[in-house]
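Construct the complete structure from the given sequences, taking the supplied hints into account.
There are 2 protein chains.
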Amino acid sequence: MRYSPLITDLYELTMLAGYLEEGMHETPAVFDLYYRHNPFKGGYAVFAGLDTALSYLENLAFSDDELAYLRSLGIFRPNFIEFLRGFRFRGRVTAPPEGTIVFANEPLLTIEGNLAEAQFVETALLNIINFQTLVATKAARVTHTAGSAKVIEFGLRRAHGPDGGISVARAAYIGGARSTSNVMAGKTFGIPVKGTHAHSWIMAFDDELTSFRRYAEVFPDTCILLVDTYDTLKSGIPNAITVARELRARGHELVGVRLDSGDLAYLSRETRRMLDEAGFPEAKILASNEIDEYVIESILSGGGKVDIYGVGTKLATCMGEGGGALGGVYKLVKIGDRPKLKVTSDIAKATLPDRKRLLRAVTPDGSFLMDIITLADETVLPGETVYNPVNPLQYTTIPADARFTELRNVVMEGGKRTSDREPTLDQMADHCAGQLTRLPHGCLRFINPHIYKVSISNGLFDLRMRLMEEVRQEW
Amino acid sequence: MRYSPLITDLYELTMLAGYLEEGMHETPAVFDLYYRHNPFKGGYAVFAGLDTALSYLENLAFSDDELAYLRSLGIFRPNFIEFLRGFRFRGRVTAPPEGTIVFANEPLLTIEGNLAEAQFVETALLNIINFQTLVATKAARVTHTAGSAKVIEFGLRRAHGPDGGISVARAAYIGGARSTSNVMAGKTFGIPVKGTHAHSWIMAFDDELTSFRRYAEVFPDTCILLVDTYDTLKSGIPNAITVARELRARGHELVGVRLDSGDLAYLSRETRRMLDEAGFPEAKILASNEIDEYVIESILSGGGKVDIYGVGTKLATCMGEGGGALGGVYKLVKIGDRPKLKVTSDIAKATLPDRKRLLRAVTPDGSFLMDIITLADETVLPGETVYNPVNPLQYTTIPADARFTELRNVVMEGGKRTSDREPTLDQMADHCAGQLTRLPHGCLRFINPHIYKVSISNGLFDLRMRLMEEVRQEW
Numbered sequence: 001m002r003y004s005p006l007i008t009d010l011y012e013l014t015m016l017a018g019y020l021e022e023g024m025h026e027t028p029a030v031f032d033l034y035y036r037h038n039p040f041k042g043g044y045a046v047f048a049g050l051d052t053a054l055s056y057l058e059n060l061a062f063s064d065d066e067l068a069y070l071r072s073l074g075i076f077r078p079n080f081i082e083f084l085r086g087f088r089f090r091g092r093v094t095a096p097p098e099g100t101i102v103f104a105n106e107p108l109l110t111i112e113g114n115l116a117e118a119q120f121v122e123t124a125l126l127n128i129i130n131f132q133t134l135v136a137t138k139a140a141r142v143t144h145t146a147g148s149a150k151v152i153e154f155g156l157r158r159a160h161g162p163d164g165g166i167s168v169a170r171a172a173y174i175g176g177a178r179s180t181s182n183v184m185a186g187k188t189f190g191i192p193v194k195g196t197h198a199h200s201w202i203m204a205f206d207d208e209l210t211s212f213r214r215y216a217e218v219f220p221d222t223c224i225l226l227v228d229t230y231d232t233l234k235s236g237i238p239n240a241i242t243v244a245r246e247l248r249a250r251g252h253e254l255v256g257v258r259l260d261s262g263d264l265a266y267l268s269r270e271t272r273r274m275l276d277e278a279g280f281p282e283a284k285i286l287a288s289n290e291i292d293e294y295v296i297e298s299i300l301s302g303g304g305k306v307d308i309y310g311v312g313t314k315l316a317t318c319m320g321e322g323g324g325a326l327g328g329v330y331k332l333v334k335i336g337d338r339p340k341l342k343v344t345s346d347i348a349k350a351t352l353p354d355r356k357r358l359l360r361a362v363t364p365d366g367s368f369l370m371d372i373i374t375l376a377d378e379t380v381l382p383g384e385t386v387y388n389p390v391n392p393l394q395y396t397t398i399p400a401d402a403r404f405t406e407l408r409n410v411v412m413e414g415g416k417r418t419s420d421r422e423p424t425l426d427q428m429a430d431h432c433a434g435q436l437t438r439l440p441h442g443c444l445r446f447i448n449p450h451i452y453k454v455s456i457s458n459g460l461f462d463l464r465m466r467l468m469e470e471v472r473q474e475w
Numbered sequence: 001m002r003y004s005p006l007i008t009d010l011y012e013l014t015m016l017a018g019y020l021e022e023g024m025h026e027t028p029a030v031f032d033l034y035y036r037h038n039p040f041k042g043g044y045a046v047f048a049g050l051d052t053a054l055s056y057l058e059n060l061a062f063s064d065d066e067l068a069y070l071r072s073l074g075i076f077r078p079n080f081i082e083f084l085r086g087f088r089f090r091g092r093v094t095a096p097p098e099g100t101i102v103f104a105n106e107p108l109l110t111i112e113g114n115l116a117e118a119q120f121v122e123t124a125l126l127n128i129i130n131f132q133t134l135v136a137t138k139a140a141r142v143t144h145t146a147g148s149a150k151v152i153e154f155g156l157r158r159a160h161g162p163d164g165g166i167s168v169a170r171a172a173y174i175g176g177a178r179s180t181s182n183v184m185a186g187k188t189f190g191i192p193v194k195g196t197h198a199h200s201w202i203m204a205f206d207d208e209l210t211s212f213r214r215y216a217e218v219f220p221d222t223c224i225l226l227v228d229t230y231d232t233l234k235s236g237i238p239n240a241i242t243v244a245r246e247l248r249a250r251g252h253e254l255v256g257v258r259l260d261s262g263d264l265a266y267l268s269r270e271t272r273r274m275l276d277e278a279g280f281p282e283a284k285i286l287a288s289n290e291i292d293e294y295v296i297e298s299i300l301s302g303g304g305k306v307d308i309y310g311v312g313t314k315l316a317t318c319m320g321e322g323g324g325a326l327g328g329v330y331k332l333v334k335i336g337d338r339p340k341l342k343v344t345s346d347i348a349k350a351t352l353p354d355r356k357r358l359l360r361a362v363t364p365d366g367s368f369l370m371d372i373i374t375l376a377d378e379t380v381l382p383g384e385t386v387y388n389p390v391n392p393l394q395y396t397t398i399p400a401d402a403r404f405t406e407l408r409n410v411v412m413e414g415g416k417r418t419s420d421r422e423p424t425l426d427q428m429a430d431h432c433a434g435q436l437t438r439l440p441h442g443c444l445r446f447i448n449p450h451i452y453k454v455s456i457s458n459g460l461f462d463l464r465m466r467l468m469e470e471v472r473q474e475w
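Residue numbers (full-length UniProt numbering), protein chains in the order written: chain Z, 1 to 475; chain G, 1 to 475.
If you are wondering where the hints come from, they were derived from the structure by calculation, not from laboratory data. Predicted, not measured: the structure shown is a model, and the values here were computed from it. Each hint should be verified, as a subset may be incorrect.
One copy or any two copies: either way a pair holds, since identical chains are not told apart in the list.
[Claimed, not checked] When the alpha-carbon atoms are kept at most 25 Å apart in a straight line, the in silico DSS-like pairs for lysine-lysine are as follows: (1) K234 to K342; (2) K340 to K234; (3) K349 to K453; (4) K349 to K234; (5) K284 to K305; (6) K187 to K150; (7) K150 to K284.
Below, the structure is given as structure tokens:
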């Protein structure tokens, strides 16, 4: 899918025109993409969207048709349109692998290039990374709560547009969903696709049993029957058991049943009992209907026996407190050789200037201790003091047994990917699952989670203070 | 933009395969698309997405590549893949014009065709109509609150994927937004595009005044200066006034300033005063930063002087209580010559069977009185009793002075649009704005809005009761 360069805010183009006019378009610049609050009022986020972002950057070029449209707006001079004709992204991108657990205020993507190219890509990168990171995070919350039960992503019909639905399936897979109902996502990303039938299938026949029988005839080996059209326990399950017996007599096994309404804890317990008693302990119970991490918690606390959750609306639209959007921002941190700081009255909104590294301090067994943001050429050692990025009065000491991992790599140089073997979606999902086991357990809590320490180094602290002082003297 | 037929839930395909196998694929069927609760806990919704939906239906066809993918899944028989090769939508679509004010439980789209085509399009139609209707509704809430101030849609960077952003711009325009920052939406739909510069423009220069001067040089006639990088009232506005004077000396006028943080009521009042005193009463004040209908209300109640609102995240993602997703559903209401009813223990979830008309009863001056859903061949008259669709114990009388308007038309017949002159986006936006003036005022309230009456006719009431009775006797 081509991601047109016109998928951008107009102001990226007006700024570019301005930089060209001022002869500043080739000045070297560095931008950081980061967010200020973990989504869902949670304790972490799952970084996602990088491969989509790199594809966008690699293929960035204006078509004649697109240039003609820009010319037609009547706000750009002809030399700017000509400049855009040859415009490409030739910069450097530094980022963590997709599936990495990340936190507020950490530089996720760093884009280095000339001012024109590094500025222009802002809107598209935010659009891609904000949404996929949000969905991967929601999926991690849902799948972690589901434990050994599997999660199918079901949200296309409520997703924000067709492409919204495809991005959802990709990011949900990174966050731990095992399959999707979205066929296009299956084709595009190789994600397993799942799905059986709707209530309308049942209503298209004269009665429920006939509809189940017909479905099982057509799909004897992949049959999951939707049992709540009339009455789940009085009609749906008994009819499903009848069909399961008929299937077995013909050498097939019913895969399972789907519950789509009512008290899912109670209904799943009763369904499990009825299926077991009838001799179908292997038949799976799939539950759907407004599922999210909170509903799963409540089903589990009610003794529910669900094998597979179909999670739709609330995953695809990332509903929930602190959800709906990840507020990622894209800020200039260096221009030419000058580190830059955006100050505001609110220190929490002040940026972290200059090129930086993002380190994770871990115990010898790999558990996460804290993350540390340093200047690009700075080293930190266990025992050193590091500072809270949004509260300069708070500081802490790096534990003595800390070992450091660099969280990010240069993934694009000169506009080309540095690796010709990109990780697969399965590797990203494994990476995410592995990281979740090494995160302090309190960070996984939904209500008032443990706040994982993200600190800034001495060097970065000093640079920021010095730049703030300079700005203060200006007015 | 081609909307691939693979942008669907797998179960549409498995059901299709089943209907083909059972020889039911050509049975005539009727489906209704509707939702059960007005979004945002509000009093209405603005119907949108129809043109996108009709384009999808017109162009529905599987490519060789798509068929090869489906074959590779190993779950479909070869004759089904061959069937899909010739599969097209040749049905009838009945719908209101985009921009029409609609309510919960009303049939919005009705799809009539053979069972295969009418079932298959479910997921895509829901994806399109749910999202665009949700956004148009949010935009109507925001723009109605903004009154004479204009609204620019700004949300691409937080939208759910690139296409999510484009759909947002379209639907927001129908709901009353006057322009968008999204260049692709401008090109695709002819929506005016707006935008100037970001904080990074200012930070790319040594000081704010220089950055303003440079921007005004490049865009002397479309210059809106972002004034909150350092300090809005001490630095940003005085520098903007300096540049406004320099522009005027060269024969140009500053278009305005943008406030993007802080107390927008206070800052806009002070900004207005400073601009007026400096001789720039025509300079506009644009406010942005997490704007929605509630923030606009609060700015207005604080005496704010805002001319233009830039509305981003909360419009593009439709945040807010009862927001995030419109829960539209797609239900079989007739198959062959049998009207169909989905019953559940909850009467609010029981469907309205059979082919229907959707009438609006209005006063002689055009104010909306109530909507009435009737059977397709039924007429209703003033003075008749009509029933609440979700509470059979509630009924009301059609007022004596009521006149009836049919809210929906046949917009597609045999898979082709019935009109070769589709309404423009401007006509849809005008239609929406006009309807909002005729809606009972209490329906516009955000908290506990007046519940507009949607009733079902005598004939529909009786049919539903009869079908419920039949189903009850079955188990």
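Check your understanding: Where does the structure disagree with the numbered hints, that is, which hint numbers, in rising order?
Key -> none
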